[in-house]
Amino acid sequence: MSTSPQTLTSKDVAKVGLLSRLALSEADLERMTGELSKIVGFVSMLGELDTADVAPLAHPLDTQNVFRDDVPVASLSTPEALQSAPRHDGSCFLVPAVLGDSGAA
Amino acid sequence: MQPLEMSAVDLVAALRQGDITAVESATVFLDRIEATNGSINAFLAVDREGALARAADIDARRKAGKPVGPLAGLPVALKDVLCTSDMPTTCASKMLEGFRPPYDADVVARLRRADAVFLGKTNMDEFAMGGSNENSAFGPVRNPWDLSRTPGGSSGGSAACVAGDMAPVAIGSDTGGSIRQPAGLCGITGLKPTYGRVSRRGLIAFASSLDQIGPMARSAADCALIMETIAGHDPGDSTSLAVDVPRYTDLLDKPLAGVRIGRVPEHFAAGLDPEVAKGVEEAFAVLMAAGATVHDVQLPHAKYGIPTYYLVAPCEASSNLARYDGAHYGHRCKDPGQRTAGHTGGFESPLVEMYCRSRAEGFGPEVKRRIMLGTYALSAGYYEAYYAKALRVRRLIRQDYLDAFQTVDLIGGPVSATPAFKLGEKTDDPLAMYLVDLYTVGTNLAGVGGISFPCGFTKSGLPIGFQLQAPPLAEPLLLQAADRFQRLTDWHRRRPQAVGVVKT
Chain A
1 MSTSPQTLTS KDVAKVGLLS RLALSEADLE RMTGELSKIV GFVSMLGELD
51 TADVAPLAHP LDTQNVFRDD VPVASLSTPE ALQSAPRHDG SCFLVPAVLG
101 DSGAA
Chain B
1001 MQPLEMSAVD LVAALRQGDI TAVESATVFL DRIEATNGSI NAFLAVDREG
1051 ALARAADIDA RRKAGKPVGP LAGLPVALKD VLCTSDMPTT CASKMLEGFR
1101 PPYDADVVAR LRRADAVFLG KTNMDEFAMG GSNENSAFGP VRNPWDLSRT
1151 PGGSSGGSAA CVAGDMAPVA IGSDTGGSIR QPAGLCGITG LKPTYGRVSR
1201 RGLIAFASSL DQIGPMARSA ADCALIMETI AGHDPGDSTS LAVDVPRYTD
1251 LLDKPLAGVR IGRVPEHFAA GLDPEVAKGV EEAFAVLMAA GATVHDVQLP
1301 HAKYGIPTYY LVAPCEASSN LARYDGAHYG HRCKDPGQRT AGHTGGFESP
1351 LVEMYCRSRA EGFGPEVKRR IMLGTYALSA GYYEAYYAKA LRVRRLIRQD
1401 YLDAFQTVDL IGGPVSATPA FKLGEKTDDP LAMYLVDLYT VGTNLAGVGG
1451 ISFPCGFTKS GLPIGFQLQA PPLAEPLLLQ AADRFQRLTD WHRRRPQAVG
1501 VVKT
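Note that the protein sequences, when read in sequence, are chains A and B. Numbering follows my numbering, with no gaps: position 2 of the first sequence is 2. Numbering follows my numbering, with no gaps: position 249 of the second sequence is 1249.
By construction, these hints were calculated from the structure, which means they are not laboratory data. Beta carbons: idealized from backbone N, C-alpha and C, even for Gly. You may find that some hints are simply not true.
[Stated by the list, open to error] Restraint ranges, calculated between C-beta atoms of paired labels, are given here:
id, chain 1, residue 1, chain 2, residue 2, range
1, B, 1024, A, 97, 56 to 62 Å
2, A, 61, B, 1010, 33 to 39 Å
3, B, 1361, A, 9, 22 to 28 Å
4, B, 1487, A, 30, 31 to 37 Å
5, A, 10, B, 1490, 31 to 37 Å
6, B, 1016, A, 38, 54 to 60 Å
7, B, 1322, A, 10, 21 to 27 Å
8, A, 61, B, 1425, 35 to 41 Å
9, B, 1016, A, 69, 33 to 39 Å
10, A, 77, B, 1278, 39 to 45 Å
11, B, 1271, A, 38, 18 to 24 Å
12, A, 11, B, 1428, 42 to 48 Å
13, B, 1024, A, 38, 51 to 57 Å
[Stated by the list, open to error] 25 Å max Cα-Cα, derived DMTMM-like pairs, lysine to aspartate or glutamate:
id, chain 1, residue 1, chain 2, residue 2
14, A, 11, A, 30
15, A, 15, B, 1384
16, B, 1303, B, 1273
17, B, 1303, B, 1146
18, A, 15, B, 1361
19, A, 38, A, 12
20, A, 11, B, 1366
21, A, 38, B, 1425
22, A, 11, B, 1275
23, A, 15, B, 1024
24, A, 15, B, 1335
25, B, 1066, B, 1024
26, B, 1426, B, 1361
27, B, 1422, A, 35
28, B, 1094, B, 1325
29, B, 1334, A, 89
30, B, 1094, A, 80
31, B, 1422, B, 1273
32, B, 1334, A, 26
33, B, 1426, B, 1146
34, B, 1422, B, 1325
35, A, 11, B, 1428
36, B, 1303, A, 35
37, B, 1426, B, 1266
38, B, 1094, B, 1366
39, B, 1426, A, 35
Sequences and hints are given; from them, build the entire structure.
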């Protein structure tokens, strides 16, 4: 069915895991490698079609960029924006260190 | 007639005439939910207190002669993908467990202004990814026609609650068939409007170029009623169409004489269940008896719909779901920044470790699969071969529809290849589950509208669904044809027996 079945290695999947910001256990990695290889092999059937002269269609509507009127409107208040934050100090979201080795909390 | 058995149109009229109060109506449905939700699991949250307070307010205003909205007192269930400022919104994901949106989705705000009464939030596949509702983090929904079977997905809770008389109307969302397929498997009517017809603001995004909100109810007439409230331009959604909303309910009662309906021969190829094929052929006969003509049409690239969809949707999802970072809202792992054993590879920083672990804990397997598939297809070296390729094929698929609609007004056919399948039947094979969307993804890729409604039952008593698709903004014709069909048949009036005797 597929013209160029693309088989993913566990190294590929580990890289995709990091790009996807998903921690993967060894078991996850093994399972995902098999499943993603199968799915990628299946979608590769699109390779059968010659689309050299077909422009990509990212969106079903032929709408142009839409701008609203340049007038200020109310946005979320700070308490509203923070209401579901896992950690905050009342004015900012709190997160672990942006720089440095993992482990240095 | 009891409210549980009334159409939304009739219930709104009974409320208007004072035959029943909004409190009485809400109470009947809330009690029904309480009695049956334990076995169906259609609702993730029920807002009894809020619904009754709202209903009492509507009754008081009506009694005092003050204005009330066009849906005043009508109970409505909302798929849990819609943001509600006064109810939790989880997308059936651990990632959003306990999340309270700071604002209402546009659709929710419109329904509130129309004085609908929200019963609660319905179960779904996590982040609307799935065709069986088994991807919910809070347990699968069971089909009211057979509790061992799936209601379909991803709007399985919305479909099952209408089929099980727990709500007269529910709102769903459809990215690749998620309104139409569960409507078909549960024996109800579901409309997926043209892309842009209903605002997506406050609809938690899965695949933004495909997602569309629509009504799920017992009849096309009820869907028409709801569309008059939820459709329309919203400056808060730049893809929302600035096109006037027709009075859908006034446009229903027109003959089908002269309406040309396309039939795609490939829809009847191997893989289509014989009982479903028979029901669909009989539906064509009913439409012909009503004056429509049926013509063979081709959708030459239809077989590429599934692979195209399973690139476009995961690519958009991988981007949309990047917002769940454990920082702004949603699940955060414990002890972030403490490197833990058992994970592969290193993390780039304590912050990245927090992202990776929070997301790994918060998302279920199917959501992870799609995020990773999309990330892979968008990554350097693969973008052109997968994502851009899929977008090129998407244009071919849309062109097929535009060409077909040069010769026919509607395209009819099955909504899914089989009736409701058993829970657990496809859960070990993601690809087999993807193929469930065969007849529905084209509508979304092309951005057109589609409706699904019951056209018969199998010998074992499972509903069979019929789908009509239409050119952009031809919702009046979709609703008119489905309504005409429902004036000539009574499939949509059948009720499942299973839940009638169920005790929680």
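Tell me the numbers of any earlier hints that the structure contravenes, in ascending order. 4, 5, 10, 12, 17, 22, 23, 34
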